[in-house]
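S.K.: So the chains spell out like this:
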Amino acid sequence: MTATTPPVSSLEEIQTPPRPAPSGLSTRLDVLDRLVALGEGRVDQSLMDDAAALLTRAGERLRLSGEHTVVALAGGTGSGKSSLFNAVCGLELSPTGLRRPMTSSAHACVWGLGGAGPLLDWLEIESRHRYARASALDGEGQVGSLQGLVLLDLPDHDSIRAAHLAEVDKYVSVADLIVWVLDPQKYADFAVHRRYFEQLSGHTGVTLIILNQIDRLEPEEVTECVKDLRRLLEAEGMGGPTILTTSAKAGTGVDGFREVLADAVAARQARLDRLVADIDRLVKRFEGQYGPAEPAEKVDDRRAAALVEALADAAGVPAVAESMESAYSLRAHDYVGWPVGRLAARMHSDPLRRMRLGELRQELRAAFTTPVNAQQAHVDNALQEVTEGVVEDLPPSWQRSVREAGRSKAEQLPESLGNALRDVVPTFNQIPAWWWIVRAWQWVLIAASVLGLVWLGTIVAYGALKLGHAPWTVLGDTGLIPYVCLLIVCALGLGAFTSSAARNMIALSSVRHSERLEERMRSGINESARTLVLEPVERELAVYKTFREELSTAISPLVH
Amino acid sequence: MTPPADQGAAKHRAASLPLDEVLAELRDQIASVRFVLDAPGTEEAETTQQDLLNQLDDYVLPRVRRTDSPLLVVLSGSTGAGKSTLVNTLVGARVSATGVLRPTTSSPILVCHPDDADWWLDERYVLPGFGRVPGPAPDAVVGDQLVIMKSEVLPRGLALLDSPDVDSVFEDHHEFAAQFLAAADIWMCVTTAARYADAQVWRLLHRARDHGATLGIVLSRVPEEGGEEVVAHFAEMLKDNGLEAAAQFTIPETKVSGGMLPKEMSDEVQEWLTGITEDEDGRADVIRSTLGSVLDTFRTRVPELAKRVEEQVALRTVLRDEAEAAYAEALAELDEATRNGSLLRGEVLARWQDFAGTGDLERALQSRGGQAGHRGGRRRRAPARVRALKVALRSGLESLVIAAAERAAEDVVARWRDRPAGAKLLEGRADELGRASAELARRATRAVSSWQEHIIDLIRTEGVTKRSVAKFVSYDDEALSLVLMVGLLGFGTSDAPVETGTSAVPQRLLKALFGAESLRSMSAKARADLRGRIGMLYDEEAIRFGQALDGAGVPDETTPVQLYQATYNLEVAR
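As given, the protein sequences belong to chains V and U, one line each in that order.
Just so you know, UniProt numbering puts 340 at position 340 of the first sequence, and the rest follows in order with no gaps.
Just so you know, UniProt numbering puts 134 at position 134 of the second sequence, and the rest follows in order with no gaps.
Treat the hints with care, since some could be wrong.
[As the list claims (entries may be wrong)] Keeping only pairs whose Cα atoms sit at most 25 Å apart, straight-line, the calculated DSS-like set for lysine-lysine is:
| no. | chain 1 | residue 1 | chain 2 | residue 2 |
| --- | --- | --- | --- | --- |
| 1 | U | LYS255 | U | LYS390 |
| 2 | V | LYS409 | V | LYS249 |
| 3 | V | LYS227 | U | LYS255 |
| 4 | V | LYS284 | V | LYS170 |
| 5 | V | LYS249 | U | LYS255 |
Simulated from the structure, these hints should not be mistaken for lab results.
Source: prediction; values computed, not measured.
The task is simple: from the sequences and hints, build the whole structure.
M.R.: See the structure below:
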């Protein structure tokens, strides 16, 4: 070693960033917990998993000793982590040397062992790598008390031993305070900057950067180096990083480092700050889940109406109404039609009968009013559009979940629509009283004309053909023939007239009926649409709204 | 008769082209490869491709075309390893900036004998991708400019290139460093006692080994105390990694003054380099050996690349198959829906009931001779019902077609999303591809109506009425075609009872009219025709995914074959 080591101001600069209020952690944990509960199954699974893992870790760490602060020394191979570890401990605990890589598993040194056991177990430090120091044993003249410090010496993150990398990642993600030990040769390495520093923008408060081995540089070179390092870190988003300079070999700056550690340990704050920083970093990843605008609370009326319309079409409401109208008037004709006319119609040749399919007619009539279920494909297509208007401002994952909510009950819809129609049908199978009256009147007229015919017959028999003596004179008086004929004609004419008048009335009332029927079917469909489509969509929108509100309380302090 | 050996030689001569032409051909083949589908290993394949191209452009082609050109020694290694310091020391002048800031060297500096300067300044020969700036140049020179410095100290025919580091935060440095290394006749890897176990260093050394370059390894900044242990450990690691053949040098940690080490520190390196250049045979050996090993590596690297291309082709087939499978499923679904009576619901059923129940169906059949009873009011309504049923059938079928197509499109997108390659292809297009195409509705209408027309034609041409019935019954083609459709779609061809009460009315009616044989043949024809038409629609839908694949420019099956062929040609030409 030919480089001279002039005394260098050990504490280059310490900037204390404003510490967040300690109460911030529990609020944050609560919010994150709610975000996870609301977003489960909806938001990107990897984000959910990370959030759940962080919640678990936070819970575990908070249950473990709050009297201890876990400080990890991380850095590249050959940066002098172990030397610094030993210098702080004041003993040769972790092996140091020139062979690279040197340290292959984490070592821990605890000041004040009480209650640290479970913490070390949680950290998975092998018991042969655990060392304890009582504060009282610390050498004379050393500043501050390190009581409550758990100092970890980590393996490197950049050597050819890939296993070390995993080990470092593990500890870097759980330690309360991370000390990155850099050296003048390696301070600008890709391996440390890309993998770690770029993710640390919110962790400035719980990260300490140490430029070790300054004994290799001239004093002015140290200043230059620190300036360059600071510039790099700030360019990567770490505002005001704390950079210390040390030389573990020459002992320079180690006291300053101990002092910083003593402060951190005494404040007992690093543990909480670390979790706050972790949560904030995670919450930032939720940013993509924050839609630009307040979501609509419900599907707008126009689209809801369009949905009902589409579902009505799917269930065939107009067709059902029309077919019911036909059924109604057919049935009406059975009652109020002029029986003589029907009799005449039956005389005509019937192709069905001639094809020996006479019974088909009955079947056709019977099938008339069987309930119809909606067609699934129609329903599926109707559901495609309904959520389009409300999802515009939603993040993609929520768009998906709202769309799915809209379709969640698609399978039940055809039957529910069918039921809505079915409920309406029976009331239309009732037979109005006036049909009976008209029917009775028709039969009275028939009876009248039959009587007239009989009368005419007796007049002809008794009066004209003199076949016998008429019991009553009216039965044989030929002079009455024109009147009796008139009576028959009148009765038949009245019957035909009644039938046509009734038909007109039926035509009018059947239209009215089908309108009412359609209206009632639509209101039934409206209900199905509400419970099976709109309500699930609105419930999902409400979930997103709550999620968004939670997120905005979590994110807003981070944005400005 | 010529001896077989001569014949073989003649054949050999005929088959082999000049080496540089074969190489240029190979270069074009490699350059034309595109890796657009993400799969495990694609990134490595792209790196391999870029490496091969760089090596061909920057080293192999210039070297093959001119064997007498100067040797290029590239110094590469970790940031802070002292590459610039070593260059300065070798040249005996401060040609490259040194310092404590990392990374120090940002613009590559090439030092050569003044007589060779013209060769290096010409961008056509070596490293054609880089601009040239005659040095000394201001600091502001960007990374893709080579600063050419002249030095009398260097022997003729030798140039030193101080390359940017391979491990600092500036990632563009890594790329340039890789490119310079590809162009080098001799690699000098410089690392330090603090870094010799860094993953990045070993990545570099493994590359050197795999590229077959003539290699010199410098371990610098070795501390005085305990230094032997480090040197021994490093040598051991080199041996474990199959690099013991490389020339190894050690430079102790020392005071740097004026950007230079004490002269004697670099003597060994100097001797090695001069030894190579001055001895004509040694020079030729270096060239031949580096070139030879580079071309040797092509034997495995190009087929490796070709294998990756084959994977791309296979992946494309997989994605295409997935799209086709989804639409095949949709077609099967449609088949099922038109068989199990699920179509005879909602509007179609209501319209059918209206049509059948009101007696319009009976009126579609007419007794011959007598004008069977038509009451005026009903008669006007009959065509309306026929029309309504026809429209309902059409829209029911359309809905089925569209709903199945929507599901298929969603399905393909979901399947593609599950694969990284598919996910990348879908980027920005998922919304468009995840839905049925805009024209589908129109196409479906057209297909279904022409199917309906086809059924009427079938009835007209094939529907030979049974003789016993034909005597006294005639029928209306259009109405009967609807009965056939309802029978076909609603009740299927089987006699399985259907949930609705109308049981097999259409079937019985049709059977009575046409006879079972004729009905069966008509049904089969009608069904096949429908299937054909919808199959065509779905093919058009599936094509969108095929186009997305083709548009991405995935190489076709011939590319890997050509690569294998080019590798073979190269072997022949050597």
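S.K.: Each hint needs a verdict: does it hold in this structure or not?
M.R.: Structure-based check of all given hints:
With a C-alpha separation of about 98 Å, the suggested pair U:LYS255 and U:LYS390 falls outside the 25 Å cut-off, and the hint is violated. This hinted pair does not check out: V:LYS409 and V:LYS249 have alpha carbons roughly 71 Å apart, beyond 25 Å. Our distance criterion of 25 Å between C-alpha atoms is met by V:LYS227 and U:LYS255, whose separation comes to about 23 Å. A hinted pair counts as satisfied when its Cα atoms are at most 25 Å apart, and V:LYS284 with V:LYS170 qualifies at roughly 21 Å.
Restraint check: the Cα-Cα separation between V:LYS249 and U:LYS255 comes to about 18 Å, which is no more than 25 Å; the hinted pair holds.
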